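Going down the list, the sequences are from chains H and X. Residue 1 is where the first sequence starts when you use full-length UniProt numbering, and the numbers rise one by one after that. Residue 1 is where the second sequence starts when you use full-length UniProt numbering, and the numbers rise one by one after that.
These are calculated hints, taken from the structure and not from any lab test. Note that this is a predicted model, so its numbers are computed, not measured. Any given hint could be a false lead.
[Unchecked claim] Here are some of the chain H residues that sit facing chain X, going by a computed Cβ distance under 8 Å:
#1 M33
#2 L34
#3 R36
[Said to hold, decoys possible] Okay, the calculated bits of chain H under chain X, using three or more residues with CB under 8 Å as the criterion:
#4 40–46
#5 56–66
We treat Cβ as the ideally placed atom computed from N, Cα and C, and that holds for glycine.
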Amino acid sequence: MTNTTYQKFVKRWEEVTELPPQTLGPLTPYYKMLVRHLKVMPWPVFVLSSLLLVLALYFLIGSAITFIVSLLQKGF
Amino acid sequence: MDIAGSLLVGGVSFGRNLVGIITRPYETYRRIVDRGNVWELIPIGLILAFYFSLSSLVKTAAFRPFLLTKQFILLSGGAASGFLLTVAILWGAAWLIGKKARVALAWAYTLIPTVFWFLTTSILSIILPPPRTQSAAGVSFSMLFLIFSVTLLWWKVTLAYLTLRFGLKLDLGRIFAVFAVCVPVWGLWSYFMYKWGIFKVPFL
């Protein structure tokens with residue numbers, strides 16, 4: 001039993017250490033903070049950032065966003 | 001293992017990975033790249049074929065088998081060319097940097113958000129045909145549709161990033177470099193797809 005757990009641990013360890021950690025110089029802490037939220041159930045981050053982006057677009061171009069949506073709806 | 005067994009294993013792995021790319025994309029992409037099975041391409045292909053059939057029905061005004069088949073072949077061929085082009089670029093990039101590429105299956109999984117967006121847009125265009133008006137209802141629907149679209153785009157971008165991160169084992173700088181090569185090629189491909197009337201929004 002312990003041996004199996006150990007083997008699983010070694011396998012997981014090899015998977016994780018196969019790739020060197022991603023670093024972005026001074027931005028590394030921010031990158032890590034973002035990625036932490038994307039690894040498991042990333043949907044809250046996706047929806048929240050989309051909401052903010054669309055609100056910004058609405059404040060920028062107003063009701064002309066209906067034109068973009070009409071184009072996208074015809075584009076499938 | 002016989003063909004039926006391989007298909008079953010591929011189908012089960014696909015179902016597991018589909019849930020995984022929704023809930024745990026990083027962990028799932030490691031698994032797809034390390035232990036992915038080529039048979040998983042079959043369910044992905046079937047989902048795409050289902051969408052192209054539906055889209056052919058929506059796009060073709062006349063219910064004629066010849067026109068429907070022609071439309072289906074055009075859509076399938078267009079999507080297949082985009083997929084093969086992207087995988088070829090990624091293989092080329094891997095060859096240039098001297099790494100082993102395992103990207104075909106991983107990139108195929110990035111087509112799930114794409115087909116989901118196209119499928120939803122097709123159904124919405126039947127229920128609520130464009131153009132959208134500038135009334136309160138029109139603006140509200142537009143905002144919801146854009147939030148939905150951008151959310152799926154983030155999902156797609158994340159899966160594309162993970163394809164390069166785990167499939168080619170690249171760091172962020174090199175991932176941007178590979179995408180910088182991909183973007184002009186995708187742009188040219190999208191232009192021809194638009195010009196030939198196959199896809200107005202690129203199916204990538």
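Tell me, in ascending order, the numbers of any earlier hints that this structure violates. 1, 2 and 3
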